[in-house]
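So the protein lines, in turn, are chains A and B. The UniProt record's numbering numbers the first residue of the first sequence as 1 and each following residue consecutively. The UniProt record's numbering numbers the first residue of the second sequence as 1 and each following residue consecutively.
No lab work stands behind these hints, which were simulated from the structure alone. Heads up, a few of these hints could be off.
For chains that are exact copies, the list does not tell them apart, and a pair is met inside one copy or across any two.
[Claimed, not checked] With a cut-off of at most 27 Å between alpha-carbon atoms, the simulated DSS-like pairs for lysine-lysine come out as follows:
(1) Lys300 with Lys103
(2) Lys204 with Lys176
(3) Lys110 with Lys204
(4) Lys300 with Lys42
(5) Lys103 with Lys42
(6) Lys110 with Lys250
(7) Lys42 with Lys353
(8) Lys210 with Lys110
(9) Lys106 with Lys250
(10) Lys109 with Lys210
(11) Lys2 with Lys300
(12) Lys91 with Lys110
Number of protein chains: 2
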Amino acid sequence: MKHNFGAGPCILPQEVFQEASQAILNFNDTGLSILEISHRSKEFEAVVAETERLVRELLAVPQGYSILFLQGGASMQFAMVPLNLLPEGGKAAYLDTGTWASKAIKEAKKVGDVAVVASSADANYNYIPKAYGIPVDAAYFHYTSNNTIFGTEIFETPISTAPLVCDMSSDILSRKINVADYGLIYAGAQKNMGPAGVTLVIVKDDLLGKTGRTLPTIFDYQPHIAAGSMYNTPPVFSIYVSMLNLRWLKSKGGVEVIEQENIIKARTLYDEIDRNPLFRGTAVPEDRSRMNVTFVMEDKVHEDAFLALAKERGLVGLKGHRSVGGFRASIYNALSITGVNALVDAMQEFEEKNK
Amino acid sequence: MKHNFGAGPCILPQEVFQEASQAILNFNDTGLSILEISHRSKEFEAVVAETERLVRELLAVPQGYSILFLQGGASMQFAMVPLNLLPEGGKAAYLDTGTWASKAIKEAKKVGDVAVVASSADANYNYIPKAYGIPVDAAYFHYTSNNTIFGTEIFETPISTAPLVCDMSSDILSRKINVADYGLIYAGAQKNMGPAGVTLVIVKDDLLGKTGRTLPTIFDYQPHIAAGSMYNTPPVFSIYVSMLNLRWLKSKGGVEVIEQENIIKARTLYDEIDRNPLFRGTAVPEDRSRMNVTFVMEDKVHEDAFLALAKERGLVGLKGHRSVGGFRASIYNALSITGVNALVDAMQEFEEKNK
Ligand SMILES: Cc1ncc(COP(=O)(O)O)c(C=O)c1O
Ligand SMILES: Cc1ncc(COP(=O)(O)O)c(C=O)c1O
Ligand SMILES: [Mg+2]
Ligand SMILES: [Mg+2]
Ligand SMILES: [Mg+2]
Ligand SMILES: [Mg+2]
């Protein structure tokens, strides 16, 4: 039994793997593999419709918002957002809280004028800047709700008169959000939604079609909306597995139930990091992420030994990103409290051994 | 036992389904699912490297060409090709042989000046135009080697001083090609290469970086090349299944062997269409596709009855595209001669019954 703490693509529920594996041999008793059916078949249209319904239900998406399943990853959204929402001659505001936020900024700058309202680059992104102003003439304000690499998370929705655009790649579906607060939400699926290969976009329809820009069709949200995410061949299997995963989340009781579990998992792990004299968290306590727990050892020389012990205990994917070092425990929805407890046990065992 | 004649996503070998199904439960004895491993893991890096090696070997790709696995489908290439290859103020030449060719033209026109050298729209694309000139100042000449919807195929590489760019989505890996004749080749994987969700691009390196255009990173071939198709999270599973399918093709003897099988399959089916007084091919005989065989009944009233009989015999995916009507039998690499014979048997059975 392994516990997979990898940052993404990442753990999904075992029952999702079981059912996906079966559908590759025989999908829905069609006698065909899910990999060989037409995306225009009624069977696959039902999959897309159910996936969309589940997103709408689990996140309580209100009327007036479209839901899209696109290719290209969250990185493609770094470009699509300004191409679709930033009018010629307009300005966009961005908050810089990490690697992904700054890549989004870099892409937006190619499209138009960008105001970076604040940045925590000065402290290797170990906190969330809080005192900043958003230019009143901004077409939108973009932020990254969870900083996968640096282990910080923004729990309070920023106050902004400009429409909010949020990269929720690594915390979507982990906690309640109020979609009506946002103009656009996007997320690469490969954390809490599904496997790699599909990206979720939730967009308020009345923001679109106002830039005056002629876009390649594939980069324009509107034709994708008009075609129900079938403008061209969608990533069939990634959408199907996302549907299975969303069904699982619903059967668990939905986002509110998983949020309580996620709070307990995160508290359990941070408590041990704080208590255990060998370990130390890297993010400031008030901005600690519930999804990606970043920590180091007070004495770096022990880090390889701890990773080795963790591996022996079946705990994998714990090596920290090179920008932070140490460890990163990604404790997404599908990583159970059992997995967290096993990690805590390993930390205590290591402490004992090194007394 | 079903025979899947669908146009794409389409049939892949049963042994590919078996192995993919297994890898979802336990990939390479890692104790992890292929869906939960990091794209930066050494295990997945080995998958990408092998997939690239197999493409290089099976298509004899020469030095000086890069191989990419991208998201977005062939439709994204309709835009990326002119964005990357058409200089500001330059001109591109296109051949219009069907729905996909004309979509490529539409996207190129958004980027720059386009000369459509010839079109067979006048006869519902049932033939390949042959007498045309390519402007000497064209930055490239784009054509579609196999017209999936209309059932025509271009077997002779056009003569052009401009670099050739070819959409090979529906006949890549079905027959020998000389990659050195091309500047760029692209193909949505979901016919002969693998499942939906990944797109193959083979590009001559020295054509790139010459347009003077600033591109969003995700639309620029060069960063994808520099990152070995890992600029951002790739479509892990679609690449993995493509690797399995390429291994299968290699184990069969490669492209030259499959080409002979494809010739026999196509001849068998067209011979029956020609012989059988109830059926008639829609494409002119000299341009008939070996991949997508389009045909109708002399008497349209029988078409539903024939489809019903075919279905009883386990022959699925035969309904023709609405632009052509009748039937389309897609006989890609993985569709065996047994499948073709079963279709011929059904045609003869129907003929008997309707004597
Ligand atoms: C917060 C965040 N945004 C964007 C990305 C980039 O996603 P993709 O690889 O799908 O382009 C990631 C990837 O981990 C991420 O964590
Ligand atoms: C020849 C050809 N080009 C392009 C496409 C579009 O591919 P995609 O759906 O991957 O964008 C298709 C789809 O069937 C095709 O057959
Ligand atoms: Mg980050
Ligand atoms: Mg401590
Ligand atoms: Mg066509
Ligand atoms: Mg006939």
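Check: Using 27 Å as the alpha-carbon threshold, which applies to Lys210 and Lys110: within, between, both, or neither?
Finding: both (19 Å within a copy, 18 Å between copies)
Notebook entry, point to check: How would you classify Lys91 and Lys110 at a CA-CA limit of 27 Å: within, between, both, or neither?
Noted result: So Lys91 and Lys110 pass the 27 Å test inside a copy (12 Å) and across (24 Å) alike.
Item checked: Homo-oligomer pair classification [Lys300, Lys2; C-alpha up to 27 Å] -> The answer is within: 25 Å in one copy meets 27 Å, while 59 Å across copies does not.
Notebook entry, point to check: Should Lys109 paired with Lys210 be assigned to within, between, both, or neither, using CA atoms and 27 Å as the limit?
Noted result: both (19 Å within a copy, 21 Å between copies)
Next item on the list: Give the relationship of Lys42 and Lys353 under a CA distance limit of 27 Å: within one copy only, between copies only, both, or neither.
Entry: Classified as neither: same-chain Cα gap 59 Å, cross-chain 31 Å, threshold 27 Å.
Notebook entry, point to check: How do Lys110 and Lys204 come out at 27 Å by Cα distance, when the copy is not named: within, between, both, or neither?
Noted result: Classified as both; 24 Å inside a copy, 26 Å across copies.
Notebook entry, point to check: Taking 27 Å as the upper bound on the Cα-Cα distance, should Lys106 and Lys250 be classified as within, between, both, or neither?
Noted result: neither (37 Å within a copy, 42 Å between copies)
Checklist line | Alpha-carbon proximity context of Lys300 and Lys42, limit 27 Å | finding: between (56 Å within a copy, 24 Å between copies)
Margin query: Treating 27 Å as the Cα threshold, decide for Lys204 and Lys176: within, between, both or neither.
Written below: For Lys204 and Lys176, only the intra-copy Cα distance (18 Å) is at most 27 Å; the inter-copy one is 48 Å.
Check: Are the CA atoms of Lys103 and Lys42 at most 27 Å apart within a copy, between copies, both, or neither?
Finding: between (39 Å within a copy, 25 Å between copies)
Check: Are the CA atoms of Lys300 and Lys103 at most 27 Å apart within a copy, between copies, both, or neither?
Finding: Result: close neither inside a copy nor across copies, 30 Å intra and 57 Å inter.
Note to self: For Lys110 and Lys250, with the copy left unspecified, which applies at a CA distance of at most 27 Å: within, between, both, or neither?
What the structure shows: Close neither inside one copy (40 Å) nor across copies (43 Å); limit 27 Å.
Comparing the model with each numbered hint stated earlier shows that hints 1, 6, 7, 9 do not hold.
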